[in-house]
Amino acid sequence: MQVCESDDPEYVPLATRIARAALASEGKITFKTCAKQAKVPVAFIDKLIQQPYPTNSTPPFLSFEQAFDHWLLSELISCIGAHTIL
Amino acid sequence: MVIYGLAPAPFGPGFIQFLLHDCDLNSLTPAFVSEWYPELYRTLQAWIALGPANDDLSPFRSHFASYHDVDVSHSYPLSFDQTSAYVVFRLLHSMAGQPTAIMLLVPRCFTVQLLALFFQHMRKWRRSLRASDWTPTVGFLWCRQVIIFCCGGYPIQNDDQQLRELVHGGTEALLNHLWTSEITSFTNISNLLSFSDTTPATIRLDFALKQVNRDYTIQYLFLRFLQGTGIPSNPHFEDATHHFSGHVDLSHIDKKSFRPRIFCWALTGSPALDFGSSGLHVRVFPL
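Quick note, the sequences are listed as chains A and Z, same order.
Under numbering that gives the first Met the number 0, the first sequence has 73 at position 74, and the numbering climbs by one with no breaks.
Under numbering that gives the first Met the number 0, the second sequence has 184 at position 185, and the numbering climbs by one with no breaks.
Pulled out of the complex, with its shape left as it was, chain Z reads as follows:
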């Protein structure tokens, strides 16, 4: 997905920056963190200010509860059995010298749900590897493997040097490009849509539409559709789903990004905007 200029969801820009720099934690500079994760940056400043001698993590209770599904209200250290949460905890411990980096990675990439995904893919590749074999070092190596897997098997690990050099402005320019091209709502494409002048066919169609509602035009209906969410008619949609390819994740159908994204995807073949060319330019006009 990175190669195709798409934001590789569910991974965040911090994780991609980390991978593109050979898992070098120094690539996650304070400036980078403050730009991409301003709220986390403030948390990290507080974390660093806490110092290693202070074992009271209660100020971070809401952060750990929200991002790590871990309760740190009890005395430190915490006790976990060998679960995904335990792995998160070990990673956090092992990288105590690099709190900035590891806390950046953990909330975006090492959520318990995603770790479950990691283990699922791990088992597919190396059935002999047990969850108990997971160490921080193995974890990071597997992260690289997993993202390669998630990128459709493209061997990023062999070409990341080339990829870095290909992008003018370095990896941060690449990340800016990736996440700017992502469609998260109608506002991302609203400025790129244009509608041509009226013709006899549109006048005829718009006249018919005004019999339904005097505000309606074909342009209005398209814009209204793109700004809407959800399934218009459940029974009809259920009947239609067996015609769908499976590429589209229908679980996001209630999100405001869904319709603009599939509109762009259907029209251009890509679910993200292509700012490398002249940009997406959609017209609604009759012949």
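The shape of chain A in the complex, shown without the other chains:
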């Protein structure tokens, strides 16, 4: 699992530069199961660190840890889809 910059060409490789930046800002993780590799946009973790807690969203995240765990859990589960042997 690699922490990468938003303009890393291997992060969402088929996306345009603008789309790549948009996906990175949403914290989307690129998984390459054949290579057993994932790319995590560092900008999104930075964003989670910098935003105030509780967040202004509805409902709010109460802490950085809660936001980080929710993001990683959701990303892992949502990517287990079409590319699974089960």
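Hints were generated in silico from the structure; no laboratory data involved.
Think of the CB as a built atom: it goes at the ideal place given N, C-alpha and C, for glycine as much as any other residue.
Each statement offered as a hint is correct.
In silico DSS-like cross-links for lysine-lysine, where the CA-CA straight-line distance does not exceed 27 angstroms: (1) Z:Lys255 / A:Lys35; (2) A:Lys46 / A:Lys31; (3) Z:Lys209 / A:Lys46; (4) Z:Lys254 / A:Lys35; (5) Z:Lys255 / A:Lys27; (6) A:Lys31 / Z:Lys255; (7) Z:Lys209 / A:Lys27; (8) Z:Lys254 / A:Lys27; (9) A:Lys27 / A:Lys46.
Just a sample of chain A residues kept apart from chain Z, beta carbon distances all over 12 angstroms, derived: (10) Leu13; (11) Thr15; (12) Ala18; (13) Ala20; (14) Ser24; (15) Asn55.
Given chain A, put chain Z in place with the hints provided.
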């Protein structure tokens, strides 16, 4: 799942051994039972020592209550109507000559809940077959069908001979492989995780993290996440669930196996560790 090298939950290794050996009860040897089910092995020794003449099952009351949902505190034989529990009871009776094998199979595979699943699938295939038609012989035949069904339709029954021969070391080596690759907690993957040396990007990220908590690094946060359980934020998670594929059973989200398992699954495409290759090797490092 067996073909893919995965432990075919909810079935236990005893049931798979039994199926792979053409439902031969002799394949469930005392050595096999003592290795995989040591507690059950002791119970079975006591069961065999009891002998057929003794009809007092009270020493086994807790065992039957725990694994079979059956109360054996009353006089023997028990009276049941035609329920799933009755089927368990009949199976137990019919195989009285083979107590070792049948008691191995019953607790793992013939729980009342799983029998309900069997009947559910049976009705799908053979709508004419009623619960009252269930006999021990039919039961075992259906067990083979059900596990084939549960394995995604792969015809194991036609290829089990080949499968046995393919695995060096026989079926017991296969079972060892299957259940060793299963992820039950973070400890299963902890030795397989590695983190690369620091780079400018990680230093920058770790510096920012230390403003939140001086113990934090990106490595620390990943390890902390993998060792955690449960839903971090219920309202956010509920909003996100409609994006999930449905392959992941979210009812296990509170178990300590859940996060390591989905982490491995997301990264490799398989929810189990692959010891056949170089093993799972996960790195967290920046570019």
